[in-house]
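Residue numbers (our numbering), protein chains in the order written: chain A, 1 to 136; chain B, 1 to 136; chain C, 1 to 136; chain D, 1 to 136.
There is no bait here: all hints are sound.
Just so you know, same-sequence chains aren't split out, so a pair can sit in one copy or run between any two.
In silico DSS-like cross-links for lysine-lysine, where the CA-CA straight-line distance does not exceed 30 Å: (1) Lys89 <-> Lys43; (2) Lys109 <-> Lys43; (3) Lys43 <-> Lys4; (4) Lys103 <-> Lys80; (5) Lys68 <-> Lys109; (6) Lys85 <-> Lys4.
In short, the hints are calculated from the structure, not lab data.
Protein chains: 4
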Amino acid sequence: MIDKYIYELEFKVRDYECDLQGIVNNAVYQNYLEHTRHEFLLKHNVSFSDLHIQGIDAVVARVDIAYKYPLRSRDEFVCKLYVVKDGVKYVFHQAIYRTPDNKLCVTAKVTTVVTINGRLASGYELFDGLAEVNNN
Amino acid sequence: MIDKYIYELEFKVRDYECDLQGIVNNAVYQNYLEHTRHEFLLKHNVSFSDLHIQGIDAVVARVDIAYKYPLRSRDEFVCKLYVVKDGVKYVFHQAIYRTPDNKLCVTAKVTTVVTINGRLASGYELFDGLAEVNNN
Amino acid sequence: MIDKYIYELEFKVRDYECDLQGIVNNAVYQNYLEHTRHEFLLKHNVSFSDLHIQGIDAVVARVDIAYKYPLRSRDEFVCKLYVVKDGVKYVFHQAIYRTPDNKLCVTAKVTTVVTINGRLASGYELFDGLAEVNNN
Amino acid sequence: MIDKYIYELEFKVRDYECDLQGIVNNAVYQNYLEHTRHEFLLKHNVSFSDLHIQGIDAVVARVDIAYKYPLRSRDEFVCKLYVVKDGVKYVFHQAIYRTPDNKLCVTAKVTTVVTINGRLASGYELFDGLAEVNNN
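So that you can see chain A by itself, here it is in the shape it has in the complex:
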């Protein structure tokens, strides 16, 4: 299999992210996934917060997250992604792997659209350069 991921970010679990089951709370993975997307954009000189000030928002329309294996206190991990453009949608394919053993913890598909001054846009130039196009 060819690894399609084009970006990855390193993290370490923080104790306050764990809940009374002693594992990272399910909602927190969305924080990890979001931060990875925003850092990916920043690396390409696209700032989520600056875009917002200009009236351009990347909006999450849908998330599908599969929880494979829980992260715990002190675990280190990487969050990876690649993006596919599908019509007006930018679909982020993301995965979280515990390190150093490379245990797969989460896979996610995060579907986003762009709004400009609150209206759905057919795309956004700066994002188009980062996405492969779905020709299926």
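Once you've looked at the hints, dock chains B, C and D against the given chain A.
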């Protein structure tokens, strides 16, 4: 259409739940969904935290969330649910409606399984009484 | 002792607010305290988020929190407050009591100032009406 | 002035940590401060979560936080600390500096005690080695 929801919980957005876009952060909806499931269980005398102490954990295996309309500072809303048992899985169907105008904000399907002392169980009696059975 | 509190808000602990010690995480009490202040202001027709849009921000300069007794899963509680104006500062005195047994869990002193377009203001009319004045 | 800090940890603001004022929410700084304390302990082979399992808990009794300057989206910063033992208390003195300009954002004094099986302990050997003693 017959409304299948069997439980609902009222909420109000708290300002710290909003992010720099001025709307409730996507991850926070998972908090709302989780709290509603736990309160639903409590209403039926099943405590998530007590179960955990007994070695019985309801574990989220998958979430599919569709974000329809954002909640903002001061919005009030209800989170509704019903549960379907499908093999070893308990699938929570949830929705968030802003009140009083009943605007649909989020729909979600949250797939959970039960582990007893860390091992997947075929089900859990107390949950079975709360779920309809999927005969499809 | 005369109870000086002029506002109180009811809460219930949500499981995601508890950490791996099985108690509400220390940082979460600041969320409770903030939400209570904002709801208090709203009750007096002052909206934190609307003020922000107008360039008026209530800014926390200092918090002193004493943790007396931990809240746990399923606990219900009230958060109370009164406000004293002291020079340019509005000092919120807050406390959290578990219900129904009235166990004192947290006391806090939250010192805020008002900025208008980013500059420190000597006060803000709408807040002045809500605060007693410190003549000490 | 001699810098007394004996540990520091690097961070970067994550967008979900910012609130509708566009700055890091006040409660989130407690997360930063806590994570820094726990990583400091880990560096000395003391694990907060392992201790909890053994019935030994480091409990925050009091926090005093002064907010000097807000952190924003994309800011990088370091959180520093040193510890003083004062009777049964371990007092963490912490500060947050934005990098690379070394702007002071937060100072904090976090007073902790140790409980063993829920009872206040006069101290904990592993912590004593990390703290200077207050002879005032």
